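Engineer: Listed below are the residues making up each chain.
Number of protein chains: 2
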Amino acid sequence: MATITVLLGCSVLLNLLLFVSMYSHGGWEPSWTRTAAAEAESVASISCSGHGRAFLDGSILDGEPVCECNPCYGGPHCSVFLPECVADADSGDPMFLEPFWVKHAARSTIVVPGWHRMSYEFNDGSLVSKELDAQIRRLHAAVGNAVTDGRFIVFGGGATQLLHAAVHALSATNHPLSPSRVVASTPYYPVYREQTEFFNSQDYKFEGDTSLYNNGRFSQGNFVELVTSPNNPDGKLKKAVLQGPSVKTIHDLAYYWPHYTPVPAPADEDLMIFTLSKLTGHGGSRFGWAIIKDEAVYQRMLTYMTLSTYGVPRETQLRVLKLLKVAIEIEGKEMFNFGYQTMSNRWRKLSKTMSKSKRFSIQELEPQRCSFSQKLRKPTPAFAWLKCEREEDKDCNAVLNSNNITGRDGSLFGAESRYVRLSLVKSEDDFDLLLRRMGMLVSRENDDSGDRINGILPQNETIGKYLPSARINDSHEWDSVTCRWPLEELATHLLAR
Amino acid sequence: MATITVLLGCSVLLNLLLFVSMYSHGGWEPSWTRTAAAEAESVASISCSGHGRAFLDGSILDGEPVCECNPCYGGPHCSVFLPECVADADSGDPMFLEPFWVKHAARSTIVVPGWHRMSYEFNDGSLVSKELDAQIRRLHAAVGNAVTDGRFIVFGGGATQLLHAAVHALSATNHPLSPSRVVASTPYYPVYREQTEFFNSQDYKFEGDTSLYNNGRFSQGNFVELVTSPNNPDGKLKKAVLQGPSVKTIHDLAYYWPHYTPVPAPADEDLMIFTLSKLTGHGGSRFGWAIIKDEAVYQRMLTYMTLSTYGVPRETQLRVLKLLKVAIEIEGKEMFNFGYQTMSNRWRKLSKTMSKSKRFSIQELEPQRCSFSQKLRKPTPAFAWLKCEREEDKDCNAVLNSNNITGRDGSLFGAESRYVRLSLVKSEDDFDLLLRRMGMLVSRENDDSGDRINGILPQNETIGKYLPSARINDSHEWDSVTCRWPLEELATHLLAR
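Residue numbers (this note's numbering), protein chains in the order written: chain A, -1 to 495; chain B, -1 to 495.
FYI, nobody ran anything at the bench for these hints, they're computed from the structure. Computed from a predicted model, the values in this text were never measured in an experiment. Glycine included, each C-beta is placed from N, C-alpha and C at the ideal position. Honestly, I wouldn't trust all of these hints.
[As the list claims (entries may be wrong)] Listed below are several chain B residues computed to face chain A (Cβ distance under 8 Å; list not exhaustive): (1) Ile108; (2) Lys128; (3) Glu129; (4) Arg284.
[As the list claims (entries may be wrong)] For lysine-lysine, the following DSS-like pairs were computed, each having C-alpha atoms within a straight-line distance of at most 30 Å: (5) B:Lys128 - B:Lys291; (6) B:Lys356 - B:Lys376; (7) B:Lys236 - B:Lys356; (8) B:Lys128 - A:Lys101; (9) B:Lys101 - A:Lys203; (10) A:Lys373 - A:Lys101; (11) B:Lys236 - A:Lys128.
Let's have the full structure, built from the sequences with the hints guiding it.
Structural biologist: Right, dumping it as structure tokens:
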């Protein structure tokens, strides 16, 4: 009798536990989403040793997607470091933000049914999600980095597509013998030239450095000036150079976020382009937006998007909406803090390493008041603009290559090959390796310095037209730096980003 | 004692039932995907009376997305038919396939974590998913509609982007004073002209109807001929017209699927373009692919994709992979059967209605042997190419408008306004309304016919240069039809698809 009573008690307790377990999530059980959700969670649980990741659409081996390893790691679970591999600081791929999204997987996941938004258009006949348009305006209001009131917004396939849509929209079409002259200030993002030359339109032509046209001598005709602020490659906040009724400007504000720069005030320009890539890190989603004052320009850009790709995919717009909600709705604007802290730490470490060097210098930028963070802060640009100071180091990237590092040659930006752009936005693995290799290069430099004093190697000299760059020092007193860049012919070749 | 024993028995039985219930799905419970999955299932359960749908990124009212109603339906749950609304048969939006994807929600859903493929590139440095490339090849092998062995594949933002990428890649760049002449056979898809003129490249120029150049008189210079097969708007299978070493062809095979046409053999052309829109119905995903023989052309198109949008979004590529798996892996190729049956039923109904008409006629196409279905079958084109037969009905779309129907004016395709393209690929609601309205128009015609005999209205006359179109009759003996189309100036204005 006592035994049966005990058994009954245990069975009832077990029932209670099973009920609680079943309904601890409010009783909801997935139905048609179950298969897809299980597959996603299964793939996410594949261990790649923290040096890679498996994806749902990865190559399949033994029935599951393989680990796709970060550069310099290998093996089936990315646990093997490959010591001979190159520290690749060429591409501006913003993988530094990936850990934030891994942490917030639950909030940032989307489920896309097979029937989601199949139609060519939204119900209002447009190609743009009104919810996403509104979210972008909320984003800029929260960050305070751009005016959107009374402006039009166009979505595009990254800033990449919007840049040439804007150039097209702003170019004179009434003067077939006088195409608009497209200019940018050296050093500038190479794609401006490459794109414009590749599409070879009758309406516009890439003419090179803005400074050639800043003295009135060549200023006949229409101009389209590309202004990148913060600039790529050197991180400086920039303003338009040319003025006048025949000048139209495109402001490429890809990096105008607290991750990379103080935000002194909301940008308020005629045509401003932003990209998701540099904000959330989702370069692979190919999403950007343009904020436009003039309605006629807006209509032309809409037409461009219609005839070019008929808009931006619906699954991308859904995903971006979710990502931007996470970006501004998590308490304390955590994504921006994460981005800024990561970049700030990287600059601190890099500056400390470079402070020991006479052979190399990196750019210095003044602190400014930031309205987002409500304090005076230093820029933390996406790239280091490295300069080889020694006379004989004319090809700086070659110097780096000899120590298994590669960056992007300065000549591609219209500057000298004495400069190299180093990407600081890649994954933690990439940055750690870059820092180690630069550290080794700097410490070898100090071994060489004895040879210099003994006359074996030439002294570091001031090169005629350059002011010596102020060096990074430990007291963090940042002097302003003025650099002049000679106009170089760009190598027109295909660049990976 | 007996009571306690009975209670114990019941409790143990309940234990077993609860265990079975908990683990009936293999014991798996969603963790980080739960929130997103619950949200998706909640939105899917919103009832829109079968005449609309709610989406995850729709406008929010009372805390949930609103129903987005099919045209001609309104009210908060799309239950109100709006009798005055226009039956819109203008756009080729392939919503007829939506019911298939609703039925197969579980298999066609994707879950996209916030960290999915953030990088600009895949691990091999490319912008294309190797798994998706392989799946496309499997698709064409399963359907037998295109040769892919030994060919290169480029992804693009719909056929829209690939068409101008192909025109760019095939155009001569060595002769700035002699741009390539881009031609297409009337009636042709208006976007060919609109795109080419809008981008206004120095490398190519739209020159109009192919037939102008088919006699050797104007055949100097390089030509790029666009061949659409089945043709848009009339559904005919077409071949290239021009021949010779200075001619390059682009085959737009958007409709070369069993839904719309017999597939006599795998297409085996130098450059073939397909779009997801017309295959699965996902026009909003902006995904197409080109199959290319020549490696140099392939590289130029890759460069175009790089400088234009830097590839196609990763979430789109993931989704397309899933959709194409469903397309060919469900038993009996159900998606293709569903597509064909739907189009076949619609043509049967439309033909029956039009068989009663003398005022209007629709195109007739010969049956052909189909290798996919292994039988002789009639074409079931995406569009009816409607002709107004009466002398006075020069503006056929105006005739339709008077009965609350609208199609796409034939002049936009380079034909006369006596022709109208009617879309047969939209939703069931759209087709049902079109059929009803056409039926009313035809029955009113029979009321008018008395007036004609009495001399009130002019007789139907044979127009000089046109052969009377063979009419659809109930015996389904399909005679071949030869039509000649005069070259008309296209109205260059923005078209919704």
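Engineer: Now, for every hint given, state plainly whether the structure supports it.
Structural biologist: Checked hints:
no.: 1; hint: Ile108; result: holds (5 Å)
no.: 2; hint: Lys128; result: holds (7 Å)
no.: 3; hint: Glu129; result: holds (5 Å)
no.: 4; hint: Arg284; result: holds (4 Å)
no.: 5; hint: B:Lys128 - B:Lys291; result: holds (18 Å)
no.: 6; hint: B:Lys356 - B:Lys376; result: holds (23 Å)
no.: 7; hint: B:Lys236 - B:Lys356; result: holds (28 Å)
no.: 8; hint: B:Lys128 - A:Lys101; result: holds (28 Å)
no.: 9; hint: B:Lys101 - A:Lys203; result: violated (52 Å)
no.: 10; hint: A:Lys373 - A:Lys101; result: holds (28 Å)
no.: 11; hint: B:Lys236 - A:Lys128; result: violated (41 Å)
Comparing the model with each numbered hint stated earlier shows that hints 9, 11 do not hold.
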